[in-house]
Amino acid sequence: KNEVEQSPQNLTAQEGEFITINCSYSVGISALHWLQQHPGGGIVSLFMLSSGKKKHGRLIATINIQEKHSSLHITASHPRDSAVYICAAHPGGTSYGKLTFGQGTILTVHP
Amino acid sequence: DSGVTQTPKHLITATGQRVTLRCSPRSGDLSVYWYQQSLDQGLQFLIQYYNGEERAKGNILERFSAQQFPDLHSELNLSSLELGDSALYFCASSVDSGNFYEQYFGPGTRLTVT
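Residue numbers (this note's numbering), protein chains in the order written: chain A, 29 to 139; chain B, 4 to 117.
These are computed hints drawn from the structure, not numbers from a lab. A couple of the hints might just be wrong.
Here's a subset of chain B near chain A, in silico, CB distances under 8 angstroms, partners left out [said to hold, decoys possible]:
id	residue
1	33
2	36
3	51
4	55
5	72
6	91
7	105
8	106
9	107
10	111
Every beta carbon over 12 angstroms from chain A, so not counted as near; a handful from chain B, in silico [said to hold, decoys possible]:
id	residue
11	49
12	50
13	66
14	80
Glycine included, each C-beta is placed from N, C-alpha and C at the ideal position.
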């Protein structure tokens, strides 16, 4: 079992739908990243959070440290949101910032 | 644009060869991380440097090595290449070491070993 698990693995939506991607982790963490990877391959950091909730435009990320769970929400989805979304955990302790990654969620938004 | 640059963008080479991937961190960032993304393994942490010194090691093969230079750019050396080394190699940088600093990713180097 991976230390960081995402669900679903694949997600198809119609433009305008509300989307949720989930991330669960089994290790103690100090912070969690949400990353976006477009078909060209480049990775963009969307959020880093260690508690509560962060919002940027149509994207919202939440984390519950006690339940070891984080969610990424996209409101009013658009075809340009189509990408792979990856959660990545900063393990707690003296791990000097290395990230442990989920397997990614492939999101396709149809017009 | 994250401010992290990687060269080359694409690299095609043969088995048994050696290649060097280069990464320049964002201005002011002292920490550099190398990650490998392959189809079967996903993204994996390889190694981290902070201000010229190795800080953490992950699933890095003995055939691979890295270093960070005084100007803070970093190089990842891959030798005795095998078909299974074909992957995307990303570097990321952060202002400091540790778990509370956001990492910014470069565009990646796509390595194809034939």
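Quiz item: For residue 49 of chain B, is the shortest beta carbon distance to chain A beyond 12 angstroms?
Solution: 9 angstroms, violated
Exercise. May I ask you to test the interface hint for residue 36 of chain B with respect to chain A, counting a Cβ-Cβ separation under 8 angstroms as satisfied?
Key: 7 angstroms, holds
Exercise. Verify the interface restraint on residue 72 of chain B: the C-beta must sit less than 8 angstroms from at least one C-beta of chain A.
Key: The hint is violated - residue 72 of chain B has no Cβ within 8 angstroms of chain A, the shortest such distance being about 19 angstroms.
Exercise. Return the status of the interface hint for residue 51 of chain B: holds when the least beta-carbon distance to chain A is below 8 angstroms, violated otherwise.
Key: 6 angstroms, holds
Quiz item: Given residue 55 of chain B as an interface hint, is the shortest Cβ-Cβ distance to chain A below 8 angstroms?
Solution: 14 angstroms, violated
Quiz item: Closest CB-CB distance from residue 50 of chain B to chain A, is it above 12 angstroms?
Solution: 9 angstroms, violated
Quiz item: With a cut-off of 8 angstroms, does the beta carbon of residue 91 of chain B approach a beta carbon of chain A closely enough for the hint to hold?
Solution: Residue 91 of chain B check passes; min Cβ-Cβ to chain A is 6 angstroms, inside 8 angstroms.
Quiz item: Holds or violated: is the Cβ of residue 107 of chain B closer than 8 angstroms to a Cβ in chain A?
Solution: Interface hint status for residue 107 of chain B: holds (6 angstroms vs cutoff 8 angstroms).
Self-check item: Hint status (Cβ of residue 105 of chain B to nearest Cβ of chain A, threshold 8 angstroms)
Solution: Because about 5 angstroms separates residue 105 of chain B from the closest Cβ in chain A, which is inside the 8 angstroms limit, the hint holds.
Quiz prompt | Given as non-interface: residue 80 of chain B, partner chain A, CB spacing beyond 12 angstroms | solution = With a cut-off of 12 angstroms, residue 80 of chain B remains clear of chain A, as the shortest Cβ separation is near 20 angstroms.
Self-check item: Restraint outcome when residue 111 of chain B is required to lie within 8 angstroms of chain A by C-beta distance
Solution: 5 angstroms, holds
Practice problem: Identify whether the interface hint at residue 33 of chain B stands, where standing means a beta carbon of chain A within less than 8 angstroms of its own. | Solution: Violated, because the Cβ-Cβ distance from residue 33 of chain B to chain A comes to roughly 11 angstroms (cut-off 8 angstroms).
The structure shown violates the earlier hints numbered 1, 4, 5, 11 and 12.
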